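Asks: Residue numbers (the working numbering), protein chains in the order written: chain A, 13 to 183; chain B, 1028 to 1199.
FYI, nobody ran anything at the bench for these hints, they're computed from the structure.
Since this is a predicted model, take the numbers as computed values, not measurements.
Even for Gly, the Cβ is constructed at its ideal location relative to N, Cα and C.
There may be inaccurate statements among the hints.
Stated by the list, open to error - Chain A is faced by these chain B residues, among others (derived, beta-carbon under 7 Å):
#1 R1046
#2 R1050
#3 D1051
#4 L1052
#5 L1053
#6 G1054
#7 P1066
#8 L1070
#9 T1071
#10 A1074
#11 L1111
#12 T1113
To be verified - Now the stretches of chain A that chain B is said to cover, found in silico as 3 or more residues with beta-carbon under 8 Å:
#13 23 to 31
#14 53 to 60
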Amino acid sequence: MAQSPTETPFGTQEAFHAAFAELYPRLVSYARRYGANFPEDIAQEAFVILMQREERVEHPTAFLYGTVRTLSLTERRPMKNQNLSLEVVAEPGLAGGADDLVLNQEVRERMRLLSPTFREALWLFVVEGLSIREIADILGIPEATVKTRIHRAKAQLKDQLNPSGGVHVLV
Amino acid sequence: MSWSDPARRFEPAEDVQLRAELRDLLGLGPVAASRPTEPTPELTALADDLRREAQRRSRTERKRPTWGLLATAALPLLAALVGLGTWGFQQKHRADGLVAQAQRQEQELTRLAALHASELAKERQVKEEAQQQLQLVAKKGGRKGEPYLVIPVEKPLKTMGDDYQRVKQNPQ
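Next comes chain B alone, as it looks inside the complex:
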């Protein structure tokens, strides 16, 4: 554990002891305080090469604009949702208008029906009153209310000028 990883410097004593026990069980012997491996020129050169390669890749690789990419990908979906929402709103607005219109028509019909009914009732009342008055009159006078036969007489449509004969001259 000699390499410079800060997270590795503070290992709990319990874990160190467990490792020692396991090494003992495996027959590996105690952990030797090993000397840090001296970097050879070849390894140092390789490390520098890898570092340069990492820097080259970082420079050349196109940065992915994650949020921009997501936004671009989501744009058609967003547009579709907005369109659908607008269409839905319009449809709802239209439906509300139709409902209100239907309610107004229904109210008008109800009002007309009520008016008509009241007129009918008035007419019926007037008729009844007239009938009652007629009956009252008939009871009071006339022919004692007896039924009589009425024979209609047909009148000539026009007076004929020549259907009589003058028998006497007018005195002069």
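This is chain A alone, in the form it adopts within the complex:
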């Protein structure tokens, strides 16, 4: 279904302004976590791409995050970092600026110790506050896989808090 020219992906103009004010800083921060050189440009380009689409986007927030992720990785590609992802570039010192805005040192350290595969899903779920469905859209994986990753991240966090051992059950 195509949207009318006066309608935005978020509804009315006022709703779009509110969503932009909320999402833009988060998307800039998200692009920075991927080590993007021009995170503001990437976030703005994501909004332009979203509004340029003729077809209505079902989950605009997930679309924006996914676009920022793709653009950030593409920007890094000429630097021959083909396998870059959030877990690789989000090490302290590389892209810590974004973390500093949201997380304190202890939390960042806990996140850093997590398995890279689970860290990205956990970040999107907890810090960015996205739903399972949206994370699945962003990462291009099934919702069940997202849930599994989040639960495993939870298990790893529990291990960090209780290093002496004990068998934990994946719940």
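Put chain B on the given structure of chain A with help from the hints.
Replies: Leaving out everything else, chain B in the frame of chain A:
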């Protein structure tokens, strides 16, 4: 979760609880019911600029006629396939004709061979019958069927007019 994404308004309670547990494990504390961020004039202006840029791109960017493009790209292939199909059909038609002609020739040859064989058989039968009749005749009469010597006499080719002498006058 204050921005207006309809898909984000109905999150299962199970997921909300999981998020709260994880925030607790990370030491982030409970999710605060945050006030919606008020859009500043700068952000509003930027949003409008981006919206105008999207509209400008939509107007200026050439629409790709996807199906037309595909059809155009597929046209040479389609033409080649049609040509090949026509040629193949013609070849098959021609081959069928040749096969039918060969079958007709074979049938004609078979018919001629059968006719020839029957004629030969008839001739052979006639000969045998004649021979049998001759033998029958020879048994019935003649010289008791004894073999006899036949000496062919050579006749002079022409009667010579001057090879005799008239000794007596004809009576007058």
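Asks: Run every hint past the structure and note whether it holds.
Replies: Right, here's what the structure says about each hint:
About 6 Å separates the beta-carbon of R1046(B) from the nearest beta-carbon of chain A, less than 7 Å, and the hint is met. The closest approach between the C-beta of R1050(B) and any C-beta of chain A is roughly 6 Å, which is under the 7 Å cut-off, so the hint is satisfied. Given the 7 Å rule on beta carbons, the hint for D1051(B) is violated: about 10 Å separates it from the nearest Cβ of chain A. At about 4 Å, the closest approach between the beta carbon of L1052(B) and any beta carbon in chain A falls short of 7 Å, and the interface hint on this residue holds.
Checking L1053(B) against chain A: minimum C-beta separation of about 5 Å stays under 7 Å; hint holds. Because the beta carbon of G1054(B) sits about 6 Å from the nearest beta carbon in chain A, less than 7 Å, this interface hint is met. Given the 7 Å rule on beta carbons, the hint for P1066(B) holds: about 4 Å separates it from the nearest Cβ of chain A. Hint status for L1070(B): holds, given a least beta-carbon distance of 5 Å to chain A, under 7 Å.
Satisfaction of the interface hint for T1071(B) is found here, the shortest Cβ-Cβ separation to chain A being roughly 5 Å, below the 7 Å cut-off. Because the beta carbon of A1074(B) sits about 4 Å from the nearest beta carbon in chain A, less than 7 Å, this interface hint is met. Proximity of L1111(B) to chain A is violated relative to the hint, the smallest CB-CB distance being about 39 Å (cut-off 7 Å). Because the closest C-beta pair between T1113(B) and chain A is about 41 Å apart, greater than 7 Å, the hint is violated.
A stretch counts as covered by a chain when three or more of its residues have a beta carbon under 8 Å from one of that chain; for the region 23 to 31 of chain A and chain B the count is 6, and the coverage holds. Restraint check on the region 53 to 60 of chain A versus chain B: 3 residues with Cβ-Cβ distances below 8 Å, three needed, restraint holds.
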